[in-house]
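*Asks:* Okay, here's what each chain looks like letter by letter:
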Amino acid sequence: MTKITPVILTWEYPPRIIGDLAHHVDRLTQGLNKAKIPARVVTCHNSPYLYERRSDLLELFWASNPVEPHISVITWCLTLNSEIERVVSDIYYGRSGEIDLLDVHDWHFVSAGTNLKRALGIPFIFTVHSLEDQRTPDSTSPLSSCIKGLERMGVNESDLVITKSDSMKKEIIEIHEIPQSKIIVAPPTEKDWIKEIIKSYCRVITNKRE
Amino acid sequence: MLTPTVLMLAWEFPPRIIGGLAPHVYELSRALVKKGIAVHVATCDFPGAEAYEVVDGVIVHRIDSYSNPTPDFATWVAMMNVNLQREISEIIASNDISLLHAHDWLVASASIGLKHMFRIPLVATIHSTEYGRRSGIHNDYQRMISSTERWLTKEAWRIICCSRYMAKEVNSTLGVPEIRTDIVPNGINTALFKTQINLEQLRSRFAQPNERLVLFVGRLVHEKGVSTIVEAAPLLRGLNVKIVIVGEGYLKEELIRRVSELGLSDRVYVTGFLETETIRGLFRVADVCLIPSIYEPFGIVALEAMAGGSPIVTSGSGGLGEILENDWTATFVYQNPESLAWGIRKILNDQGYADYLRKEATKRVKSYEWGAIATSTIGTYMRTMVEFTKGKWKPF
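Just so you know, the sequences run in chain order R and B. Okay, so the first sequence: first residue is 1 according to this note's numbering, each after it adds one. Okay, so the second sequence: first residue is 1001 according to this note's numbering, each after it adds one.
I should point out that these hints are in silico values taken from the structure, not numbers from a laboratory. You may find that some hints are simply not true.
Capping the alpha-carbon separation at 30 Å, the derived lysine-lysine pairs in DSS-like fashion look like this [what the hints assert, rightly or not]:
| no. | chain 1 | residue 1 | chain 2 | residue 2 |
| --- | --- | --- | --- | --- |
| 1 | B | K1394 | R | K3 |
| 2 | R | K34 | R | K191 |
| 3 | B | K1168 | B | K1154 |
| 4 | B | K1394 | R | K208 |
| 5 | B | K1194 | B | K1366 |
| 6 | R | K169 | R | K182 |
Now the stretches of chain B that chain R is said to cover, found in silico as 3 or more residues with beta-carbon under 8 Å [claimed, not checked]:
| no. | region |
| --- | --- |
| 7 | 1060-1074 |
| 8 | 1080-1093 |
| 9 | 1137-1151 |
Don't be surprised by glycine CBs; every beta carbon is placed ideally from N, CA and C.
Start from the sequences and build out the full structure, keeping to the hints where you can.
*Replies:* Put into structure tokens, the structure is as follows:
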């Protein structure tokens, strides 16, 4: 099997649990580790930057927001993105560029994923758990518009989009008008879910190498 | 190679002019190019302006600055930074940029992200602080901006301030050690004050031939001390003066009301906004220029008055006290109407004294030409590059 060294960007990971995303990424890292694939998770935490090695195959990098306080989720998230870029860059330069791909979960760190791809040439996968259009249907608020803009950036700039269901795939295609071939469906409830994820990782890495 | 290829990040650059930052970046970048430094400027787009152009050797990249609605200014700034950073990544990669220069907190997020991803050093100019602009930090919105300024100064290799006063403010409000700060004043292009225009005709728009013209130019806000001028006006009885107050700001209506209340509508003229060319002409025809500021990080208006040859009466607050000297290039007064009126009389009643101030100020302002400012800025760049070259923090 191709050697894979992914870095996962997520705004929640245990013990920071806001919704289901933390549990999902936890299951993902366990699944990758079971397949002997090392996982590095870059996430946020309200304390100074910390490093935690939970096992030989699981490393956690906790970034804290360099700016406090904030007036909106957008300002909070986007200043944190620069810190995420710093942490990922430190991993990249500290380990001889040994990052094969970024797996960015939901819109929060799409900016970091996009910039790291453009600056360092690391391909990125955008894993979409839900869309702003579903979370706040009919919302035309400026804040919602910013989030939709970031989701659009993620869909357009990423090398591949992973989502959980066929209906979600259909919705992403309808909203963002991207080709079917750019999205794969990997329902976490299915037995071979992790195999599908690894296959997607390999596909992106192979495309990059070619 | 120590001589850097610089990329400046600024949220305004001509023709997009919001405040003093745009002309600063415009003049500085052109002067740097004249000194042999390759300069790119990444800035926000502007209707009708080219996305890419070369201005006197400066390579300007105008980037879509996010035009959708946002709930507030700070959220727009955050989205604008996302767009800037995304495009600048490719500019850096394809132009061998070796140093970033950020102007103010508005581009902090993009500058810092780029610094780390490309591992190139960052220099920041702090033109003013949120603490200084608001006379303190009073709410979470201001606290967030101040915190962003702190973040930028922490990440920057060196910090450029326009005056010792400003460096002290950056030190006390943002916690920046003075050892990391360089004082590089703002500059002026004095040639712009020598263009051929009909000065007599211009003067006649604002004052009668027999009236002495007393000028104020600036934002009509509390920290500029403009209210003191209106209160000093009744104390100038006996002098045939016309006080011309140029600028916009939240105090405008209050000033006009107060002028009317004092029965001085024929003596004090609040003009509102005027074209830059007209303002430069006014500095050349004014008999006195008033700069009674309460808060002034630098005081570029002092350089403009000096370049225009207008004798200055000033409070000498903040950076003004570093540009001007009492009885040499200006008359210093206290921040009250009586003292200001005294300063005005001193100049208007003694032509020899006025001529002396004018002559010395015209000599002194030459040291603020942009060429000299560019040389100092290059000093900061070179020092940064030397330290960076010696260090271990580098790309592959």
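*Asks:* What's the verdict on K1194 (chain B) and K1366 (chain B), does the C-alpha distance respect the 30 Å limit or exceed it?
*Replies:* Holds, at about 14 Å.
*Asks:* Between K34 (chain R) and K191 (chain R), is the straight-line Cα distance small enough, at 30 Å or below?
*Replies:* Status holds; Cα separation ~14 Å.
*Asks:* Between the alpha carbons of K169 (chain R) and K182 (chain R), is the straight-line distance 30 Å or under?
*Replies:* Measuring from Cα to Cα gives roughly 10 Å; hence the hint holds.
*Asks:* Can the region 1080-1093 of chain B be counted as covered by chain R under the rule of three residues or more with Cβ-Cβ separation shorter than 8 Å?
*Replies:* Answer holds; 8 residues pass the 8 Å Cβ test.
*Asks:* Are 3 or more residues of the region 1137-1151 of chain B near chain R, judged by a Cβ distance of less than 8 Å?
*Replies:* holds (count 7)
*Asks:* Against the 30 Å threshold, does the CA-CA distance of K1394 (chain B) and K3 (chain R) hold or violate the hint?
*Replies:* 27 Å, holds
*Asks:* Are the Cα positions of K1394 (chain B) and K208 (chain R) separated by 30 Å at most?
*Replies:* It holds: about 25 Å lies between the C-alpha atoms, which stays within 30 Å.
*Asks:* Would you check chain R against the region 1060-1074 of chain B, counting CB to CB pairs closer than 8 Å, and say if three or more residues qualify?
*Replies:* holds (count 7)
*Asks:* Are the Cα positions of K1168 (chain B) and K1154 (chain B) separated by 30 Å at most?
*Replies:* 16 Å, holds
Checked against the numbered hints given earlier, the structure satisfies every one of them.
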